[in-house]
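*Asks:* If you use full-length UniProt numbering, the sequence shown corresponds to residues 1 to 944, in order.
There may be inaccurate statements among the hints.
With a straight-line Cα cutoff of 30 angstroms, these simulated DSSO-like cross-link-like pairs (lysine-lysine) come out [unchecked claim]:
(1) K531 with K461
(2) K127 with K152
(3) K516 with K531
(4) K721 with K806
(5) K773 with K743
(6) K320 with K468
(7) K142 with K128
(8) K117 with K320
(9) K656 with K874
(10) K892 with K867
No lab work stands behind these hints: they were computed from the structure.
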Amino acid sequence: MLTIGTRQHNFNALILTMKSIILGPLGLLVAFCCFYQPADAALAAMSIDLGSQFIKIGLVKPGVPMDIVLNKESRRKTPNVISFKNDERFFAEAAAAMSSSHPQSTYNFLLSLIARKEGDDAFTTFKKTFPFTAFEFDDVRKTVIFPYKEEKYNVETLLAMILWNAKKVTEAYADQTVKDVVITVPIFLNQAERRAIASAAEIAGLNLLQLLNDGSAAALNYGVFRRKEITEKPTHMLIYDMGAVKTTATIVQYVLESTRKDGKDKQPTLRTVGVGYDKTLGGLEITNRLRDHLEKVFRDTVSTSKDISTNGRAIGKLHKEAERVKQVLSANKDTYAQVESLFEEQNFRAKVTRDELEKMIEDLEPRIAAPILDAIAMSQLKVEDLDLVVLMGAGTRVPKVKDILKTILKDKEISNFLNTDEAIAMGAVYQAAHLSKSFKVLPFNINEKILYPVFVNFLTKTEEGTMKPIRKSLFGENYPVPNRVMHFSSYSDDFKIDVQDADKNPLSSIEITGVKDAIEKEVTDEHSILKGVKTTFSIDLSGIVSVEKASVVVEKVPTTEEKEKYEVDKKEFDEWEKEQEELKKKEKAEKKEKEEKKKAEKEAGEEKKEEDTAAEEKKDEETKEDVEKPVVVKKTKPVEPKAKKINVALTVKETKTDNIDLNEEEVTAAKKVLGDFEHKEKEKHDREEAMNSLEGLIYDLAVRLEDGEEYAEYVTEDEKKAILEEVAVLKVWFEDDVSLETKKEDFDERRIKLEELTAKPNARKQERLDVPKVAEVLEDHFNKSMTFHAMALNLTQFEEGQEGNKTFTETELEVLTKLIESTTEWWTEKKAAFDSQPKNEDVVVKASEVAEKARDLEREVRYLVNKLKIASSKKSKESEKKKAKKEKDSAKEKKDDDAPETTTEEQTEESQTPPPTESENTKEDESATTEEPKKEAEHDASEL
1 MLTIGTRQHN FNALILTMKS IILGPLGLLV AFCCFYQPAD AALAAMSIDL
51 GSQFIKIGLV KPGVPMDIVL NKESRRKTPN VISFKNDERF FAEAAAAMSS
101 SHPQSTYNFL LSLIARKEGD DAFTTFKKTF PFTAFEFDDV RKTVIFPYKE
151 EKYNVETLLA MILWNAKKVT EAYADQTVKD VVITVPIFLN QAERRAIASA
201 AEIAGLNLLQ LLNDGSAAAL NYGVFRRKEI TEKPTHMLIY DMGAVKTTAT
251 IVQYVLESTR KDGKDKQPTL RTVGVGYDKT LGGLEITNRL RDHLEKVFRD
301 TVSTSKDIST NGRAIGKLHK EAERVKQVLS ANKDTYAQVE SLFEEQNFRA
351 KVTRDELEKM IEDLEPRIAA PILDAIAMSQ LKVEDLDLVV LMGAGTRVPK
401 VKDILKTILK DKEISNFLNT DEAIAMGAVY QAAHLSKSFK VLPFNINEKI
451 LYPVFVNFLT KTEEGTMKPI RKSLFGENYP VPNRVMHFSS YSDDFKIDVQ
501 DADKNPLSSI EITGVKDAIE KEVTDEHSIL KGVKTTFSID LSGIVSVEKA
551 SVVVEKVPTT EEKEKYEVDK KEFDEWEKEQ EELKKKEKAE KKEKEEKKKA
601 EKEAGEEKKE EDTAAEEKKD EETKEDVEKP VVVKKTKPVE PKAKKINVAL
651 TVKETKTDNI DLNEEEVTAA KKVLGDFEHK EKEKHDREEA MNSLEGLIYD
701 LAVRLEDGEE YAEYVTEDEK KAILEEVAVL KVWFEDDVSL ETKKEDFDER
751 RIKLEELTAK PNARKQERLD VPKVAEVLED HFNKSMTFHA MALNLTQFEE
801 GQEGNKTFTE TELEVLTKLI ESTTEWWTEK KAAFDSQPKN EDVVVKASEV
851 AEKARDLERE VRYLVNKLKI ASSKKSKESE KKKAKKEKDS AKEKKDDDAP
901 ETTTEEQTEE SQTPPPTESE NTKEDESATT EEPKKEAEHD ASEL
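Just need the whole structure built from these sequences, with the hints factored in.
*Replies:* Rendered as structure tokens:
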């Protein structure tokens with residue numbers, strides 16, 4: 001549907017463009033205004049494969065079913081890094097390039113720090129990898145914050161900036177606003193980490209549809225393109241992903257099944273059955289070990305006054321070179337690591353072999369194998385049960401890692417049917433299209449596994465009257481229902497419940513208040529029974545658990561009086577209903593008796609009896625009218641009183657205990673920070689654009705005004721002097737006065753002044769380019785007009801000896817003749833003057849004037865051509881009509897010669913047949929005449 005709409009829109013744009021050519025500049029403006037419509041944000045959705053080192057972005061919109069977004073450098077993946085310099089943000093490639101030059105204000109691998117508290121091992125690893133990146137901890141939340149000058153940014157705000165940049169890159173690529181997004185994350189992220197990413201998406205101005213597990217996204221990308229291969233027999237696929245800082249093994253099951261009770265409407269389903277992971281094993285671990293090796297080689301081979309580890313730039317350069325060497329050794333047995341001016345102006349060059357690298361990581365072999373073994377154990381499958389195996393992530397390209405995996409998988413074939421770099425983003429963008437309201441895609445069910453089941457702890461009353469702690473499952477490992485309702489029947493006052501994960505780590509504390517007041521208000525007598533407190537919990541598509549609402553449930557049972565009244569009313573209603581049935585039967589019998597009596601009398605044919613009967617019926621009717629009819633009172637069947645449940649809403653306050661989330665004020669403040677940065681960066685961009693435009697114009701004019709240059713031919717001496725003086729003034733202004741504080745308006749003001757000085761030379765040059773082009777059109781119209789004029793004269797001479805009106809009048813031919821002569825004379829004079837005058841003088845004739853003459857000539861010829869077409873069509877019809885009549889008369893004469901003489905009666909009948917009227921003969925002529933436009937009346941010579 002979207003595709004059809006897009007094609008129709010493009011067709012309409014083409015029609016409007018054609019009309020604009022006919023209507024001129026005004027028509028073009030009107031056509032553009034009609035065509036332009038703001039893009040609707042609801043017609044596009046995006047996905048973000050949020051990796052620790054790189055992010056990939058997917059896009060779906062009308063005309064672009066599913067595609068990977070190219071960034072500003074036209075690359076399909078973007079470094080997940082942000083850097084600050086001079087109060088300006090840098091993203092992607094620009095930020096990555098600053099990792100070595102500005103390590104203090106460049107932030108990498110933020111995803112591994114999100115929702116982590118002080119003392120977590122992740123900060124030790126981060127400090128070891130990026131020793132010169134400054135960070136500290138929030139006094140209240142105990143989470144990491146990054147200081148930059150006078151400001152301090154929490155990790156959610158920095159991640160929001162990266163997501164904001166991804167949004168802007170996508171909008172530039174899509175040429176429209178995009179807000180709906182599905183973000184992929186590792187499956188092992190806990191509740192706090194998922195909430196933190198959701199907060200970052202909100203700060204970035206994105207509408208988060210779902211946090212989708214990256215293994216599920218990759219598997220979905222495989223499944224949607226192979227729907228027909230999925231059957232009721234389950235197939236299993238292992239996805240092993242070694243990224244930059246983590247390794248996961250996911251076993252998924254594809255099966256065709258129904259979600260309905262009757263088993264109909266079966267749809268493909270993707271179900272995660274096994275997961276294994278290592279949160280700290282990835283390509284970064286291998287890079288760090290190689291960097292440490294190169295650092296040791298540098299110390300052993302190069303003599304310096306200070307240790308290299310004290311210099312942030314040197315360590316940054318070594319880290320970048322180690323990453324490059326690691327990639328080269330994936331395809332080569334040895335290579336050289338070399339960095340110019342690494343430290344204290346000392347160059348570094350060292351040979352590194354693949355054997356050395358493999359020896360550095362040989363202790364990682366058990367950790368590389370563990371995720372697969374854990375996933376197989378969770379799925380309760382064997383290696384032989386796996387139908388497909390896919391390797392993803394840059395870490396799996398290391399030959400040693402491949403060898404270890406082949407051993408574990410018993411040399412099972414590793415498939416290459418997925419574009420592993422983009423599979424996660426492409427699968428997630430399909431899910432984004434499914435969840436977005438703007439698209440309709442074929443359903444593909446996703447059942448993800450909850451790695452951290454959620455439990456609720458509360459107190460319940462025992463038979464002895466004491467309170468005993470209870471732990472109950474809220475959301476288990478299998479794909480959960482969206483909502484879960486729990487009843488607490490042991491509380492008559494305000495109470496608290498605790499939500500924990502499977503390892504008894506606290507997630508949140510829920511305080512429910514207003515219980516006592518609700519009970520006192522509703523439980524007023526023995527007919528009000530307290531059923532407890534009903535609490536509704538929910539888990540969204542992102543796997544985030546929250547409490548929705550709570551209420552006191554009171555059951556109101558019917559009283560004895562209500563039950564007795566119901567019995568009395570029911571008895572009365574039953575008696576009344578029985579009476580009504582008897583009356584209906586009696587009326588039916590009487591009606592039947594009368595009908596039979598009337599039928600018998602009719603058959604006997606006794607007229608007198610019929611009269612008596614009629615008189616009797618009339619008498620009966622009069623008698624009935626005299627007797628007052630009883631009023632029928634309708635009764636309603638009484639409703640049996642039943643127990644009613646009343647829900648009284650309570651106040652629910654949920655406090656997250658695993659990690660303190662950003663509150664509403666902090667989120668608003670973070671949004672303001674992003675807005676301020678965006679405003680400043682836009683101002684800077686506009687200022688730089690204005691400055692570059694003016695500076696480019698200055699140096700361009702200085703070159704173009706030199707003797708011998710083409711542009712100089714169109715400038716007079718006075719104009720040249722004035723322009724060069726202004727250029728000299730502006731050059732001095734640029735050298736002496738322009739600074740970072742110079743505003744955009746200052747550049748614009750001076751550029752406008754310079755453009756005013758160059759307006760006339762530019763106009764002359766443009767006219768010199770345009771006039772020859774328009775002159776070609778005029779010459780073409782001359783040739784066509786002369787040809788048509790000669791044909792029209794010949795036609796007129798031919799029609800003089802024939803009956804009927806002429807096609808063209810003498811006035812029309814005279815007008816065309818004079819127009820051709822006057823235009824020819826005008827153009828001959830103007831062309832000679834135009835060719836002879838100097839280029840630095842204002843042109844004697846403009847392109848618009850030549851175009852106007854061409855339009856006048858073309859309009860006159862077109863008028864006569866249309867008239868010729870109408871006349872030709874009319875004459876053709878008359879000729880066909882005469883020919884048909886002639887054939888008919890010939891056939892009739894032949895028939896009269898062959899046929900015997902007719903009788904007098906037949907001749908009389910023929911003579912009575914009326915001949916065709918004049919109106920019938922001329923019907924077609926009138927029809928053709930009425931189609932002729934009103935403007936085709938005789939041409940008036942005064943129009944010209």
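*Asks:* Hints first: check each against the structure and report whether it holds.
*Replies:* Comparing the hints with the structure gives:
1. K531 with K461: Between K531 and K461 the Cα gap is close to 14 angstroms, so the pair holds against 30 angstroms.
2. K127 with K152: holds, 18 angstroms
3. K516 with K531: holds, 14 angstroms
4. K721 with K806: Violated - the C-alpha atoms of K806 and K721 are around 66 angstroms apart, more than 30 angstroms.
5. K773 with K743: violated, 42 angstroms
6. K320 with K468: With Cα atoms ~59 angstroms apart, K320 and K468 exceed 30 angstroms; violated.
7. K142 with K128: holds, 20 angstroms
8. K117 with K320: holds, 29 angstroms
9. K656 with K874: violated, 90 angstroms
10. K892 with K867: violated, 38 angstroms
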